[in-house]
Amino acid sequence: MEYKDLTVMQLVDGIKTKKFTSESVVKYFIEQCKEKQHLNAVIEVFDDAVEKAVEIDKKISAGEQVGKLAGVPVAIKDNILCKGKKAGCASAFMQDFVSPYTATLVKKLEDEGAIIFARTNMDEFAMGGSCENTYYGACKNAHDDSCVSGGSSGGSAVAVAAGLCPVAIGTDTGGSVRQPSSFNGVVGIKPTYGTVSRYGIVAFASSTDQAAPITKTVEENEYVLQIMSGQDVHDSTSIKNDFAVDSPKQKIKIGLCRQLKDKIDGLKNSEKFYLAVKKLKEAGCEFVEVEVPHIENSLACYYVISPAEATSNLARFDGVKYTTRSKTAKSLEEVYVESRSQGFGKEVQRRIMLGNFVLSSGYFDAYYKKAKRLQDLLKIEFATAFSSCDVIMTPTTPDVAFKIGGKLNDPVAMYLEDLFTVPASLAGIPAISVPYAKDGHLPLGMQFMGAQKSEKILYQTAKLFQDLFKGGI
Amino acid sequence: MQYDVVIGLEIHAELKTKTKVFCSCKNEFGAMPNANTCPVCTGMPGALPIINKKAVELCIKAGLCFDCKISDYAVMERKNYFYPDLSKAYQISQMVYPICVGGHIDLESGKRMRLNRIHLEEDAGKLTHISKSIGSLVDYNRGGTPLIEIVTEPDFSSASEVDEFLKRVREALVFAGIADCKMEEGGMRCDVNLSLKPQGSKEFGTRTEMKNLNSFKSVTRAIEYEIKRQTEVLNSGEKVMQETRKWDDAKGKNMTMRSKEEAQDYRYFPDPDILPISITDGDVKKIKDEMPQLPAQRRAKYIEEYGLTAQDAKQLTTSKYVSDYFENCVALLNLPKKISNWILTDLLRLVKDQEEFVFPIDEKRLVQIIQMVEDKKVTKALGLELLELCQSSEKMPEELAKEHNMIANITAQQIEEILVKFISDNPKAVEDAKSDPKAMGFIIGHVMKCTQGKANGALVRQLVDKLILQK
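Chains A and B supply the protein sequences, listed in that same order.
The numbering of the first sequence is this note's numbering, which starts it at 1 and goes up by one.
The numbering of the second sequence is this note's numbering, which starts it at 1 and goes up by one.
Fair warning: there could be bad hints in the mix.
Stated by the list, open to error - In silico DSS-like pairs for lysine-lysine, Cα to Cα no more than 27 Å straight-line:
1) Lys369(A) / Lys260(B)
2) Lys69(B) / Lys369(A)
3) Lys330(A) / Lys132(B)
4) Lys369(A) / Lys288(B)
5) Lys83(A) / Lys26(B)
6) Lys16(A) / Lys86(A)
7) Lys327(A) / Lys26(B)
8) Lys182(B) / Lys372(A)
9) Lys321(A) / Lys132(B)
10) Lys253(A) / Lys281(A)
11) Lys26(B) / Lys107(A)
12) Lys281(A) / Lys251(A)
13) Lys321(A) / Lys26(B)
14) Lys438(B) / Lys321(A)
15) Lys111(B) / Lys18(B)
16) Lys111(B) / Lys260(B)
17) Lys251(A) / Lys268(A)
18) Lys126(B) / Lys327(A)
19) Lys320(B) / Lys330(A)
20) Lys126(B) / Lys321(A)
21) Lys53(B) / Lys240(A)
22) Lys279(A) / Lys327(A)
23) Lys370(A) / Lys79(B)
24) Lys330(A) / Lys182(B)
25) Lys54(B) / Lys240(A)
26) Lys449(B) / Lys330(A)
27) Lys182(B) / Lys288(B)
28) Lys346(A) / Lys26(B)
Bear in mind the hints are in silico, worked out from the structure with no lab data behind them.
Extracted from the complex, chain B is given alone in its bound form:
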């Protein structure tokens, strides 16, 4: 039988706040175990949570990225369950009144993927199982760090849709400065709910939930595996069990983690230690005003308004930094296509392989170089040389060009003289040039060489055309 695949996602992302969500401990990855802890995040008796305003703002921001409705009233609730990595034996999360409701992302195919909600919650600590004799150790550094959970509707029908969606989520969250989304550090996690139903059927089948998906690749592999597994179960006449399954990336398969019978009753109720959060239209507007335009919108603008190719638009929006750089340049010089070419072919080449991605020169200087080339004050080749020079100097390109005697100041007459001499010295080459464009390049190169590159390329081409090709 043919089946329709139905997938819904629960995505967790760690928020980029300086401090944890309910105390003032540092929110950082990689510190010594339990270095960033206090009575609040270790769940000491009598300690009380104080909500981090920044975390709420970032959650609202995430909602704005995906066109969610921002609630004016939100409540933090307690999700009660026992586990040693959970210091209070309850996780402060949200249930009935999340901060963001609804929302969607439109895939490239035009298919709309709906969000159910985005809510704020705290992360748990980390357990390390040492050995039978020593036991397990717990590190509460991660305990109490802020997370958002993005819950989607069951709108996905393939691994590729999920992959595209996840990448779009990551891109937006990173772009808006909400989260770093480093999947390998656990900065972004995705649980997959998947079920099959007979093709065309309206009724959903029994779903499984898959956990422990630590990379985009494993999400795709796990979905493909689970579709195959459920298909085989159904085809053999058996029923899919409602359960949580754990993905084992090394083995390339998943296995039962806990069945429905073992599912916990989390006994959610509003946390009496935290007052309900009220969010005004003014709060939302303020956050909205601070929001950068997102990559998807920027790409649309680059393609429609600036006439860039989809490929270039994509490359220019790989990070907010690159995109902002590009837009700053365009604001200075309204030649987006030219600027895009310079950035993507010439400037990117010069970026040093270092931790933080930075262009070697600022927008103002790049734009001046482009302007000089456009005005034919320097040739493209010298423009590139100027780029290099700018890296080791604070000076403006125009000044550098003068200092290095680069300004194209060769007159047409001088070029003509060079060409006339060339024609008389190389009759053969002249004949070849008439039939072979490559030879033409050779002649232009010769002129450039004689003028140390300071001849205006277009002018040279024009004169070559006049003196040689037309003859």
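Same shape as in the complex, but just chain A:
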């Protein structure tokens, strides 16, 4: 048996019952990180991790109370703050930034005994769907190192898939947890907006940013998400989400969105999708067709709203306070222009330009305001759709992981990766990606979306689905 084959709950149990020590677990995963360095999933292993593990072991030996994640190593995405540790958003601009405070979600994990032991690679400032836009070099797919990991939380997904850690935290703004989870055959959720506090997560698009766990199994995912979530006095958009409905559904009603039918039918792997539908029907699920009339406009809407918010959120990286200041700048204006031109990568600059454009006077009403109206509409349409079904099922991504460099010069093709994930982000509803099939050696994920705060049903469906496809399709 290897530690990487155990679930989070099994690890906690083993550590608590002294079957093995947290120290040995942490050392094991650190070793795994070193061994699989070529994947570029983990950027840094924190040097105090073993020390913290020893502390937990001591507490257990002394019979002290330890938490629900006692001694379990957790990797966090490079845009999540942990006091005293670097958080660089995989950007050259932020490479020396040391967090002055700890994110609420990290504190919640640490309060339960988790050991934050490493930070993972990502697309710079979480912008991208391949984890190629990174200062640390492209993160490679756990199943094929010539393919992308997906993104932006590529490092976190690969770390879990390749056994570098039992659980990793990612952030999802338009699919950044779900898409790499799908590409790497692991489970990733984007919870109801506000479920996990955003305090201490470097903001990309504030109105859709959500942090979430990436795990091997659905059960672990639910276990960790419950620990991370909760209303936070430091985030006024955070909510109390008790994951609704206590008793499991007798019969799950799955919706297929009529407006996405043509898109799904046209996919290379549509056959697998419908095979999954068939299997679910056989397992007793009911399928209904639902309408989300404006779902096709989601992508356009998302690529107006998210750059707009990003433009403003990233303005603070100005070379004045904590980002690298251009050495050639001679005036204040040059400090801004040169530092930002030299510091931000191409994709980030592209989105900053886009965001500034849609917010600028004369264009605001035509773009940003319209997109916001569409977002409101989507929320209503989804709410209506969920009155006739429990979950809506779509593929997580149009296809499996693509080759590294394959879409780098085609931003629009890259944006199309978010086709199925973006609607849930805009509507603020929960969505989970669960692996179910492979195309060749590359995994495929299925996405289930649920109504606001319906994580419980979502997890129930995801578990059923996971068990049905354990041996592949």
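Go by the hints and put chain B onto chain A.
Okay, now just chain B, sitting in the frame of chain A:
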């Protein structure tokens, strides 16, 4: 050519909250640089603003002072621009949905000055330029402190109207405990938008905006300067440029800060980190109930109901403390005119020059002294002495008067005896008194002296009149 002057104002006032508007750092002036800062107000990545409820309440309160409509739905927006004193590179302010809309202040002339809005926003930090080699330093203590911005309609046509308006704004804000409005500390700032148009014309001319006006005096001077400058520009056949001009108080002139071409596009949009503010009628009512009556209303009451002079009414409303003191006294003893006289002539004299303005004795004791004088239990002179005694004692004036043997207990007969003796001793003075009122005072003084001031003044006057003048 003759021109009409058109002026509109943007007034910023720092709100009197304990903490900043989006974090729990202290809101205070004069701390060590960056002592009052945290990840939120220094704009650290990942930090989020949490709106200070008190700041919203004070903004609503300001709206109520000037008869604004209080919105039931208000939105905080981001105003995006780069400057090192702005830690996030955006200021959280309001644009489309401000907390207060409309409103007005009526000047003494009766002219109504309309407000456009009052909104809530955060202040920026402070830059200090040290030297070329060291560079500039930034202090974020002020960053994130709450401000209200009062925007007026272009209703002003002179510096004196602006001056009166600003003073009325300050008076109300200070009175209602909303802001301290210390202009020299930057607690109140005023930007002036000014344009000229040919007399009687309906069309507005091109306006300039003037900044850096740090005192009431500089506002007046700057307006007068700018009117003259624009008049000269127009008279020479040129056009006024739309621009922002910076006032230099030492030089007594203004100069271009930035032109319209350099004007920034602030790319406002609703701040996704802050939920829209919903304000119910109940919230507004609660705040209204806590509001003190404002000085203008109080003055009207003092003049119309109490019959005070405009001058006295003004003096009594210089601060909420004085005005409340006066009203508390009136509530205890319904003699407003008398009380006003006592406060303004006798009590004010005793106020010590110290940081906090306080009267040396409380309302209850002052009223008792006045009551005793009115009842002729003590003379006015002894009443004043009692005032002094009260300062160094906790006792009630009546008790002090007894202790010091001050109660006026001299009978008419005793006074008559003194007067009869006086008449026989000073025949000359008696003759003089008949023609000279001053000499009369001398006689009354003599009686007071003989009775150690315990004679009832009116009674003495009456007897002098009877025994001397009528003879």
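Outcome of the hint check:
{"no.": "1", "hint": "Lys369(A) / Lys260(B)", "result": "holds, 26 Å"}
{"no.": "2", "hint": "Lys69(B) / Lys369(A)", "result": "holds, 26 Å"}
{"no.": "3", "hint": "Lys330(A) / Lys132(B)", "result": "holds, 11 Å"}
{"no.": "4", "hint": "Lys369(A) / Lys288(B)", "result": "violated, 35 Å"}
{"no.": "5", "hint": "Lys83(A) / Lys26(B)", "result": "holds, 23 Å"}
{"no.": "6", "hint": "Lys16(A) / Lys86(A)", "result": "violated, 30 Å"}
{"no.": "7", "hint": "Lys327(A) / Lys26(B)", "result": "violated, 36 Å"}
{"no.": "8", "hint": "Lys182(B) / Lys372(A)", "result": "violated, 41 Å"}
{"no.": "9", "hint": "Lys321(A) / Lys132(B)", "result": "holds, 19 Å"}
{"no.": "10", "hint": "Lys253(A) / Lys281(A)", "result": "holds, 10 Å"}
{"no.": "11", "hint": "Lys26(B) / Lys107(A)", "result": "holds, 25 Å"}
{"no.": "12", "hint": "Lys281(A) / Lys251(A)", "result": "holds, 11 Å"}
{"no.": "13", "hint": "Lys321(A) / Lys26(B)", "result": "holds, 22 Å"}
{"no.": "14", "hint": "Lys438(B) / Lys321(A)", "result": "violated, 80 Å"}
{"no.": "15", "hint": "Lys111(B) / Lys18(B)", "result": "violated, 37 Å"}
{"no.": "16", "hint": "Lys111(B) / Lys260(B)", "result": "violated, 32 Å"}
{"no.": "17", "hint": "Lys251(A) / Lys268(A)", "result": "violated, 30 Å"}
{"no.": "18", "hint": "Lys126(B) / Lys327(A)", "result": "holds, 24 Å"}
{"no.": "19", "hint": "Lys320(B) / Lys330(A)", "result": "violated, 53 Å"}
{"no.": "20", "hint": "Lys126(B) / Lys321(A)", "result": "holds, 14 Å"}
{"no.": "21", "hint": "Lys53(B) / Lys240(A)", "result": "holds, 21 Å"}
{"no.": "22", "hint": "Lys279(A) / Lys327(A)", "result": "violated, 61 Å"}
{"no.": "23", "hint": "Lys370(A) / Lys79(B)", "result": "holds, 20 Å"}
{"no.": "24", "hint": "Lys330(A) / Lys182(B)", "result": "violated, 37 Å"}
{"no.": "25", "hint": "Lys54(B) / Lys240(A)", "result": "holds, 24 Å"}
{"no.": "26", "hint": "Lys449(B) / Lys330(A)", "result": "violated, 85 Å"}
{"no.": "27", "hint": "Lys182(B) / Lys288(B)", "result": "holds, 25 Å"}
{"no.": "28", "hint": "Lys346(A) / Lys26(B)", "result": "violated, 40 Å"}
Violated hints, in rising order: 4, 6, 7, 8, 14, 15, 16, 17, 19, 22, 24, 26, 28; the structure is consistent with all others.
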